[in-house]
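Residue numbers (the working numbering), protein chains in the order written: chain W, 1 to 544; chain X, 1001 to 1255.
Among these hints, one or two may not hold up.
[Unchecked claim] Derived pair list, reagent style EDC-like, types lysine to aspartate or glutamate, alpha-carbon separation capped at 16 angstroms:
| no. | chain 1 | residue 1 | chain 2 | residue 2 |
| --- | --- | --- | --- | --- |
| 1 | W | Lys-112 | W | Glu-76 |
| 2 | X | Lys-1201 | X | Glu-1154 |
| 3 | W | Lys-47 | W | Glu-146 |
| 4 | X | Lys-1201 | X | Glu-1228 |
| 5 | W | Lys-36 | X | Asp-1215 |
| 6 | W | Lys-164 | W | Glu-315 |
| 7 | W | Lys-78 | W | Asp-90 |
| 8 | W | Lys-112 | W | Asp-141 |
| 9 | W | Lys-36 | X | Glu-1231 |
| 10 | W | Lys-68 | W | Glu-513 |
| 11 | X | Lys-1099 | X | Asp-1142 |
| 12 | X | Lys-1227 | W | Asp-33 |
| 13 | W | Lys-36 | X | Glu-1228 |
| 14 | W | Lys-36 | X | Glu-1211 |
| 15 | X | Lys-1201 | X | Asp-1142 |
| 16 | W | Lys-195 | W | Asp-90 |
| 17 | X | Lys-1201 | X | Glu-1134 |
| 18 | W | Lys-112 | X | Glu-1150 |
It is worth saying that the hints were derived from the structure and are not from the lab.
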Amino acid sequence: MKTIIKIPLLITIVLLGILTLMSSCNKVTNPLDGTKLVVNYDLINTKLNFKFYDAATGLLIGSGTELKVKAHIEGEDKDAVIDITGAALDDYGAESNNGFITLALNPNGNYKPSKENPVTFTLVATLNGYLTTSKIVSVTDEGNYEYRIDMVNLSNPPQGVSVKFQNNATTVNSGVVGQTVTVTTDDGNASVTLKEGTVLKDKDGNPLSGNVNVMITFFDNHTDESLQAFPGGLTPMVNQNGNTERGVFYSAGFVALEITDNSGKKAAIVEQNTIPLNMNVSDNTYNPETQMNAAAGDEVPVYSYDPETGEWNYEQSATIGAGSRGLSVSTELTHLSFWNFDWFTPFTCDEGVTLHVNLNDNVCNCMFVQGIMRKAVDNTFLRWVGFFACDGDDVTFTYLPGGMPVYIDWVNPSCQSFFPEVFPPELDIPDLCEPVTYNINVSGHDNLSTVIVDFSAYCASSPDVIIKPSFGAWYRPVNSWCWQYAVMINGHSEICGVEVGQEYVVAVYFNGEWYQETVLVDQSQYIYLDIQIPADICDEVFGL
Amino acid sequence: MKTTIFFIIGVLLLLTSQVFSQGETSSAKGDELSKGISKEETSAKNNPGWGVAIKASTFGPGIEIVKAFKIPVNIRFGGTWLNYSMDISQYASGSEDVKTINNLHLGTVSLMADWQFIDFMHLTGGVLYNFTEEIIDVYSNDVVYVGEVEVTPETMGYTSAKIYTSKINPYLGIGFGRSISKQKLVGFGVDFGVAYIGSPKVDLMANGMLEPTADAITTSGGTVYNKEIIENNIENYKFYPVISVQLSFRLAGNK
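So here's chain W without its partners, still in its complex pose:
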């Protein structure tokens, strides 16, 4: 019995020993050792690129310098606007770098733009030494958008803009103006008078004191550079008669007025008296109400512009009269802001004409086209037109005034060798609201090629997580300032319109920073792997 039990017991022990030995011979390895988690980061569906130009020089503000335009987002949909990385803006603000700001719309459901529910906000741009301006942005579909904002350098204004600084123009005591003074622009086109006894206070009701400085800026209504730099633009949203409307300005002229004391307080409230403002009106000013050039006796509405919010408000009407140089208009200012003498035409259609794109290019499937839309009646600048044109695309204009003949001038001589050609070079559109499709032919340049870029990044805190980002990048030839935009999706980009053998500056903007590198394009594919993402981005955006 004992032997019988012992034998199987012995065999069992040996067998178990073999099993144990087999398992213990194998080092217990974590099956996931050495594996990587790879994430496509392509959450942002709408990218908004803003470029800030000096209206006089036509160069990007801050290009090669430390100048940074401060942007502040206003409007009911301001919560929809985020940084391109997905992070929240700091108090709805952002700073430019090299003249660029790239923002995005939060892709969450309640912020998804559509024609029925557009996302609309105002970007207010400020920079010391430049006139504050704003741009209203209305997005009706997901995609990549580019906006140009021209700003006036008060020390070097563009053609058609005249600036007058008068330091220590008069004195105020507890806000009360001691001596009457009139300040006139150097070209004599605009003047304001501070009458004795007028009370000046800032927006918080604090009276100005001591010496006051007056700055008056006049914008004419014909010069391209002046109209491009109109603070608030010519397609604003205005508050009038209890309604808020979007439309087009036919401007008779624009005056920006700023009064400050030496402590930096800026006058906003005017009491006891009004401030007379006088402005010359060009004889070629078009009056849409009479459909003729403006004449003495014509009534022109007056709108005030709040540079801090980008809002326009109807104030009153003024009558055009005869002036020393032809026509002029005067009004009495009851508060201090920017003032526009305009006939306002509301938008009458949500959707209008469509451009059908025929892209004739062996290299690129999409190219960025840009032009100026002008009013046919007086050939004046109305707005910039720019979009990414992909072969077969239909680009429909939205929020338009009906019955307004315009034409689009596609010529871009400064970047012509890099930007595509568009035919016809001048496209006539009799009525922006007509549901008509116009064909445009877009073609690139034969000497250009496509370069493929593959990119992956990681955070030092989690090296086993590889991120394949989606973002936009800018590139330009080293000897040109014509920046073009390329898009990377999930770490892969095909940049077309590049000349092999040429040096390019490649740059990205995110989280307020600008990252730039010069690259000699000598091959058709570039691979950038294991790029380390800054720790603050890793923490704030990815939680790594």
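Since the structure of chain W is provided, determine the placement of chain X on it from the hints.
Below, chain X without anything else, positioned relative to chain W:
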């Protein structure tokens, strides 16, 4: 784990030794009777017949059909099956934010031959058709915020790893008891063995934002595949321990 195995084996040893030593225990009726019973029980000759068995094993529960021959060899044909899902989030990620579900599908069809070299022990050899697989799904359990952007679990996606072995597995083991009782209607046995499963294979799937995890990964060190990395890490796990207990019922043959 090893302590548990040893404990179970020890209990089973005691149990089975009681079963087959019943035939050997002296009874009050006398040595002749016990000797007679003992002789038959300790005889290496088999009692041919048919039987069915129910079993529980490390491949799950199952049934077998047993054929006993005159020679001390029994043939067993049967199968096992077990589906089991378990939420192992707490153990895998340590967090309920990332769900890890382990779906275990155990299953075999087996053909075994037992050599009853001693009355109460047998050596077993055979082959298994093994369709066992383990699927581990990992996904986000809740909305995640990337900055201000809300990422739903659907957008984030999930990864799924299917681990499986080669289908034909040879088996070798040792058993206590009999596949079919020699004299009684009911028999009990316990088997210990190993199946050679080969190096496990992995199929990896991912979707949503995690989709490239299942594809080729290009790093500065070259191109790798997560699937291959995992397979390399588990390639030494080629043997699968099989422990089974079975209860058999003689259907036909001499009793």
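Here is what the structure says about each hint:
1. Lys-112(W) / Glu-76(W): holds, 14 angstroms
2. Lys-1201(X) / Glu-1154(X): Given that 16 angstroms is the threshold and the Cα spacing comes to 28 angstroms, the pair is violated.
3. Lys-47(W) / Glu-146(W): holds, 8 angstroms
4. Lys-1201(X) / Glu-1228(X): holds, 9 angstroms
5. Lys-36(W) / Asp-1215(X): holds, 11 angstroms
6. Lys-164(W) / Glu-315(W): Violated: Lys-164(W) and Glu-315(W) sit about 25 angstroms apart, past 16 angstroms.
7. Lys-78(W) / Asp-90(W): holds, 12 angstroms
8. Lys-112(W) / Asp-141(W): holds, 8 angstroms
9. Lys-36(W) / Glu-1231(X): holds, 14 angstroms
10. Lys-68(W) / Glu-513(W): Measuring from Cα to Cα gives roughly 11 angstroms; hence the hint holds.
11. Lys-1099(X) / Asp-1142(X): holds, 9 angstroms
12. Lys-1227(X) / Asp-33(W): holds, 12 angstroms
13. Lys-36(W) / Glu-1228(X): holds, 12 angstroms
14. Lys-36(W) / Glu-1211(X): Between Lys-36(W) and Glu-1211(X) the Cα gap is close to 12 angstroms, so the pair holds against 16 angstroms.
15. Lys-1201(X) / Asp-1142(X): Answer violated: Lys-1201(X) to Asp-1142(X) is near 31 angstroms, above 16 angstroms.
16. Lys-195(W) / Asp-90(W): The hint is violated at about 42 angstroms.
17. Lys-1201(X) / Glu-1134(X): It holds: about 11 angstroms lies between the C-alpha atoms, which stays within 16 angstroms.
18. Lys-112(W) / Glu-1150(X): holds, 13 angstroms
The structure fails hints 2, 6, 15 and 16 (numbered hints given earlier, in ascending order).
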